[in-house]
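Engineer: Chain by chain, the residues:
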Amino acid sequence: MGDEETNPPVLSRSELERYNRQILIPNIGFQGQRRLKSSRVVVVGVGGLGCPASIYLAAAGVGMITLIDKGRFNLSDLNRQILAGYDDIGRLKVEVARDRIKELNPDVEVKTLTIEVDREAFREIVREADVVVDGLDNWRGRFIVNECCVMEGKPYIHAGVSGLSGQITTIIPGEGPCLRCIIPRDPPEVDVVPVLGATPALLASLQVMETVKLVTGFGRPLVGRMLFIDGEDMSFESVEVKRNPDCPVCGKLQGRAKDSGC
Amino acid sequence: MRVKVRYFGVIRARLSRREEEIEIKEGATLSDLLDKLIGMYGESLKELFEVGKGEILDPSFIVTINGALARRGMETRLKGGDSIALMNIICGG
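Sequences listed follow chains A and B, in order.
According to the numbering used here, the first sequence is numbered sequentially starting from 1204.
According to the numbering used here, the second sequence is numbered sequentially starting from 357.
Same shape as in the complex, but just chain B (with noise of 0.2 Å):
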């Protein structure tokens, strides 16, 4: 199955890239996907985005389904045609 994932802050500049489609296998879950990501973009995202213990170990990282938070952390099961946004926020003032 397809999902299309938007990137924005920080993951976008690191990347070049504001969105894409990828293909993961049915059923797959948050954790699947963005292992995945980083498996394709390397350290580059995996400093960025590092997954724990099935949660992101960085609050300033946040992850929306469909613009939800995933309720069930990384173990959320995805469906196909959901859009996925990485987004890391900012504080300063």
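Extracted from the complex, chain A is given alone in its bound form (with noise of 0.2 Å):
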């Protein structure tokens, strides 16, 4: 994890003292804190996933987030983006969730960007980091951060919401397959998705997940898996998905491109 992964950053006291309940779980310790605090993250997208995905990261002790978005909360955003209050309504996301990052932890370095997702700017964003969450609510940019990630050879943990469902995949290049081999083809945007706000804050809560356990290095991701979510039907189950050796975004990196299907 960056510079830091041969020598992980000591933990204060008072960061011990923070982060004593996950400590605890034998699979983090110090060590898992230690690489948590040496991570950086970035979330692209700050709305019903982004939210409670980089609250969650913070509150874990991610050293570094990087928050992408450039739109300003609205009054429907906030049965779901959860980081705004009533007064924050007309402000900045990244500007609302740093301010609300900073008071929960204050020891999280926050980097806020107000940039649409393009091919150029966000590969060095993602160059920068350990880990890339998607809180994006379009094919057009999660295609643009599933190619930037692939270039760059970082995971990519991808969720989609809709209603009281939802999918998530954790794409990690070369081992997995990329959002490009399981979605050949772009799909349909959806300008307004009906979405109940426990929604994406249960992915997100899945997200974060994938992100500590690949930071700290324990845990099966849920890589080759797409893990479908039916709220309604309270059912949680995952298809295998593999990697498309045709696939023009990742079907040349070198890995374990076996399974070639059918």
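Bear in mind the hints are in silico, worked out from the structure with no lab data behind them.
A quick note: this is a predicted structure, and the numbers were derived from the prediction, not measured.
Quick reminder that beta carbons are idealized off the backbone N, C-alpha and C, glycines included.
Some clues are possibly wrong.
To be verified - Some chain A residues near chain B, calculated using beta-carbon distances under 10 Å:
#1 1227
#2 1364
#3 1366
#4 1390
What the hints assert, rightly or not - Stretches of chain A that chain B covers, calculated by requiring three or more beta carbons in the stretch to come under 8 Å of a beta carbon on chain B:
#5 1245-1254
#6 1333-1339
#7 1368-1376
#8 1379-1388
#9 1433-1447
From these two lone chains plus the hints, build me the complex, please.
Structural biologist: As structure tokens, then:
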């Protein structure tokens, strides 16, 4: 994780107390907490997914969080974009999120970017990251993020929600399928997606779990699996997804591309 | 021969089914299977998963065979025991 992988930072007395309950998790421990402290996570999109994802990343002690969103809060965002209060309507999402993160955990370094997701700019941002968390609400942006993460070899934790349902998968370039392997053609964009706030909160929590696992190096990430969550049925079920050896984005990457499928 | 079909997302909600085994003729293709499902479930499935000229019309709907995208599209031949997943991916964030 970053330049400090071989020599992670020490934890202060206050940090030892703040993170006590998760340091007690055997697979995290002191070493895992130090890795979290030296990790850099990018959250692309500070909406229904990005708000809860960024605050839980901060609560977990991720050292640096980069927030990317050019939008401002509207009243209709407040059922799910949980970092905003009524008085924050009209404010930039990244600034409100930064303020909330700092209130919760002043030790976290927060970078804010109010830019459109664009290939060149984004590739540089991804290069500095350890993990990229998907908080976007459109496919165009997701496929750009996917390409940049593949080019830079960075993990990308995709999620999408609608109503009480959602899907999540973790993309580790070369190890499992990228988003383009799974979704070969661009799906239509949807302007206004119906959604209960608890749905992105649930998916964002899972994205944070995946991030913490990747940063600290334990558990089995959702690589090569798409987890579907159906809140109406209250079912959680994953389906295997394989690399496409002809994938225009990641097909040429070395790795376990033996899964040629049918 | 029999194949296993698993449903996810909107398809599951419409059919109120998680998975089932379907009997299809030897050498059947993915297109044959989808035609059979449309025959079984009628318009409720057809409007979600219309099969066009050898490809699925709506890119939000994805079909995998034993985890992999069907590389020969709708003409991919199935084998007995194959596990086919029909899913739709959603974009909200």
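Engineer: Report holds or violated for the interface hint on residue 1364(A), using the least CB-CB distance to chain B and a cut-off of 10 Å.
Structural biologist: 4 Å, holds
Engineer: Establish whether the coverage given for the region 1379-1388 of chain A by chain B is satisfied; the threshold is a Cβ-Cβ distance below 8 Å, and no fewer than three residues must meet it.
Structural biologist: holds (count 5)
Engineer: With 10 Å as the cut and Cβ atoms as the points, is residue 1366(A) at the interface with chain B?
Structural biologist: 8 Å, holds
Engineer: Mind checking, does the region 1433-1447 of chain A have 3 or more residues with a CB under 8 Å from chain B?
Structural biologist: It holds: at least three residues are needed, and the region 1433-1447 of chain A offers 10 whose Cβ sits within less than 8 Å of chain B.
Engineer: Given a cut of 10 Å on the nearest C-beta pair, is the interface hint for residue 1390(A) held or broken against chain B?
Structural biologist: 4 Å, holds
Engineer: With a C-beta cutoff of 8 Å, work out whether three or more residues of the region 1333-1339 of chain A approach chain B closely enough for the coverage to hold.
Structural biologist: Holds, because 3 residues of the region 1333-1339 of chain A bring their Cβ atoms closer than 8 Å to Cβ atoms of chain B.
Engineer: Do at least three Cβ atoms from the region 1368-1376 of chain A come closer than 8 Å to Cβ atoms of chain B?
Structural biologist: With 3 residues in contact (Cβ-Cβ under 8 Å with chain B), the coverage given for the region 1368-1376 of chain A holds.
Engineer: For the region 1245-1254 of chain A, do at least 3 residues have a Cβ located nearer than 8 Å to some Cβ of chain B?
Structural biologist: Held - the region 1245-1254 of chain A has 5 residues with a Cβ nearer than 8 Å to chain B, which meets the minimum of three.
Engineer: Classify the hint on residue 1227(A) as holds or violated, based on whether any CB of chain B lies nearer than 10 Å to its CB.
Structural biologist: Hint on residue 1227(A): violated, closest Cβ of chain B at ~32 Å, above 10 Å.
Going down the numbered hints, you'll see the structure goes against just number 1.
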